[in-house]
Amino acid sequence: MNTPADTNYEKGRSLWQDAFSRLKKNPMALLGLAVLVIMVTLALLTPWIAPYSYEEQNLALGASPPSATHWLGTDVFGRDQLTRILYGSRISLMVGFVATSVALCIGVLWGIIAGYVGGRVDAVMMRFVDILYALPFTIFIILLTVVFGRSLLLLFLAIGAVEWLTMARIVRGQVMALKHQEFIEAAVAMGLPRWRIMLRHLAPNVIGPIIIYTTLTIPSVILLESFLSFLGLGIQPPQSSWGSLISYGVETMEEYPWLLIFPALTLSITLFALNFLGDGLRDALDPRISKD
Amino acid sequence: MLRIISQRLLVAIPVLFLVILVTFILIRLAPGGPFDEERAVPPQVLENLNKRYKLDDPLHVQFFDYLGNLLRGDFGPSFKYPSRTVTEVIYAGLPVTLELSCYALLVAMVFGIGAGVIAAMRPNTPQDYVPMSVAMVGICLPSFVLGPLLILAFGIGLEWLPVSGWGESPGDKILPSITLGAGYAAYVARLSRGGMLETLAQDYIRTARAKGLSEWRVVFGHALRGGLGPVVSYAGPAVAGLLSGSFVVESIFQIPGLGRFYLQGAFNRDYTMILGMTILFAFLIIVCNLLADIAQIWLNPRLRKNVSAGGRP
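If you read the sequences in order, they're chains B and R. So the mapping is simple: the working numbering equals the position in the first sequence, first residue as 1, plus 1. So the mapping is simple: the working numbering equals the position in the second sequence, first residue as 1, plus 294.
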């Protein structure tokens, strides 16, 4: 996901150890991290650990409340809800991570180029960001799904294309602050090409804010996907995400409240975990604090 | 001040034009014409339809026709329901959506600023933790979860409030407004806490305290104006979010607002309806951002000096 982070892990070791020791003092952030790791593991292992198969129906059973055989109950077709939530988390988390990566790539590149090149290029690029900021994006995504049909790929691209704006601003600000420091001047003096300076010297140094903001972007992407799926414009059956499960649960919430409560709980817990982790990372990695 | 406003306006107009152009082109790119039915329409009928809706003109002629009509407030006919125009639908739905958004904004500002200020007055004490924890819950409970839960609790369980409609029975506006506003209240609480903390640490606040003013007057008379900067700059995006968030709330509470018509249009592939409403939403959001910008400059005189066009902090 964060390729620059992986490749530069060794170089930035002291900073990371420093940050991690600070993160360890924040119980909520650690809890968030733990919940997230569990969620992702469960999602990855779903095909092997799900108690029932995804399509398995039991019409004779119908909608049943939680029981020993179906921990989280079943829906009106007698499908095991735990299984459906597990498969839904694969979709929701995948959208969260993939769309965030799209946003990450665009935003970081955009921000680094605008910040480093500066001048007129910077002005034009950031004015473009300002303009996009002013647009009704949720509505635009709905428009795109109408025009191009509802596909997972479009959803990734559309959400990613929306969420990169703030990332670009943050990265640009960081790069502006960094570009007059000695190590960049040294790189320029060595005659390195611009793209190499940007990717090898600037990018690793803006990793902190990027990680913080990425952690906070993932929940908003998951939320946006659920929002669209809730409206019936995101993930289409037979696939399901948390959003479509919740939307389905809302229809029958008076008779079968468990069909609403469990998917909603899963979504909220995940959002909680990501937000707490993001806040914790901000406290641990914020350059303004870590310079003290 | 006037110069700044006119500068912002000059930026807003090309943006709006761009939105209209892009939306228009996107809609024309859409696969399948608006008259594709289950069974094929006879070519003669299709030709007549195309002529009636002027779809056989060159694209740029169509675009400027449309633009001209827009300036006269005419959004054209609905492709799916020839009996009504997009303008009629907007007239019916817009007041409802705006009213809902206003109430939600009120909920967001009153509860958000209240909680944020209370928290900032005694940071890192229970007076800070409790409201901020509630705010965290608000951020993590999306409207499409909160709404149904409120319906289950207050509508179906306690039977205190009606669970659907808008202006039909007393109190039916309460739950939708809270549902839509809660998430934003949470953000506003966090923003105003941050802004207040920063402001309360400044010299002029120390001066105010040194004068012997009551804490109440220090906070509300002096600090609030500076501390609300982040909230004001968030207000523009918040209104944008409220307007699109109203889609979900309108569908949960069966409110006959714009969002419901927009979704209907999306499912029916009613192109003119979607086109018109996208433009309307873009217009509303651009106006709100403009107002937020102006409010921010009015609140913070330091911004008046070096304003480059369109630049927001």
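To be clear, the hints were calculated from the coordinates, so they are not data collected in a lab. Predicted model, so just to flag it, every value in this text is computed and none were measured. Among the clues, some could well be false.
[As the list claims (entries may be wrong)] Some but not every residue of chain R turned toward chain B, in silico, with C-beta under 10 Å:
(1) M430
(2) I433
(3) P436
(4) F438
(5) S508
(6) V512
(7) I546
(8) G559
(9) F575
(10) L585
(11) W592
(12) P595
For each residue, glycine too, the CB sits at the ideal point set by N, CA and C.
Discussion item. Does the closest beta carbon of chain B sit nearer than 10 Å to the beta carbon of R/V512?
Written reply: Cβ of R/V512 sits 26 Å from chain B, so the hint is violated.
Worksheet item: With a cut-off of 10 Å, does the beta carbon of R/I546 approach a beta carbon of chain B closely enough for the hint to hold?
Response: Since the shortest Cβ distance to chain B is 7 Å, the answer is holds.
Discussion item. Hint R/I433 vs chain B: min CB-CB distance below 10 Å?
Written reply: Since chain B brings a Cβ to about 6 Å from R/I433, closer than 10 Å, the hint holds.
Worksheet item: Would the stated hint for R/L585 survive a check requiring a Cβ distance to chain B of less than 10 Å?
Response: Hint on R/L585: violated, closest Cβ of chain B at ~12 Å, above 10 Å.
Discussion item. Does R/F438 hold up as a contact with chain B if the rule is Cβ-Cβ below 10 Å?
Written reply: holds (5 Å)
Discussion item. Let's test the interface hint: is any C-beta of chain B closer than 10 Å to that of R/W592?
Written reply: Where the cut-off is 10 Å and the nearest Cβ of chain B is about 20 Å from R/W592, the hint is violated.
Worksheet item: If you take the shortest Cβ to Cβ gap from R/P595 to chain B, is it below 10 Å?
Response: violated (22 Å)
Discussion item. The hint names R/M430 as touching chain B; please verify it with the least Cβ-Cβ distance against 10 Å.
Written reply: holds (7 Å)
Discussion item. Tell me if the interface restraint on R/F575 is satisfied: Cβ within less than 10 Å of some Cβ in chain B.
Written reply: Holds - the Cβ of R/F575 comes within 10 Å of chain B, reaching about 4 Å at its closest.
Item to complete: Using 10 Å as the Cβ threshold, decide whether R/S508 counts as touching chain B.
Response: violated (33 Å)
Item to complete: Using Cβ atoms only, decide whether R/P436 comes closer than 10 Å to chain B, and label the hint accordingly.
Response: holds (6 Å)
Discussion item. R/G559 was flagged as interface toward chain B. Is the shortest Cβ-Cβ separation under 10 Å?
Written reply: Holds, about 8 Å.
Hints 5, 6, 10, 11 and 12 from the earlier list are contradicted by this structure; the remaining hints agree with it.
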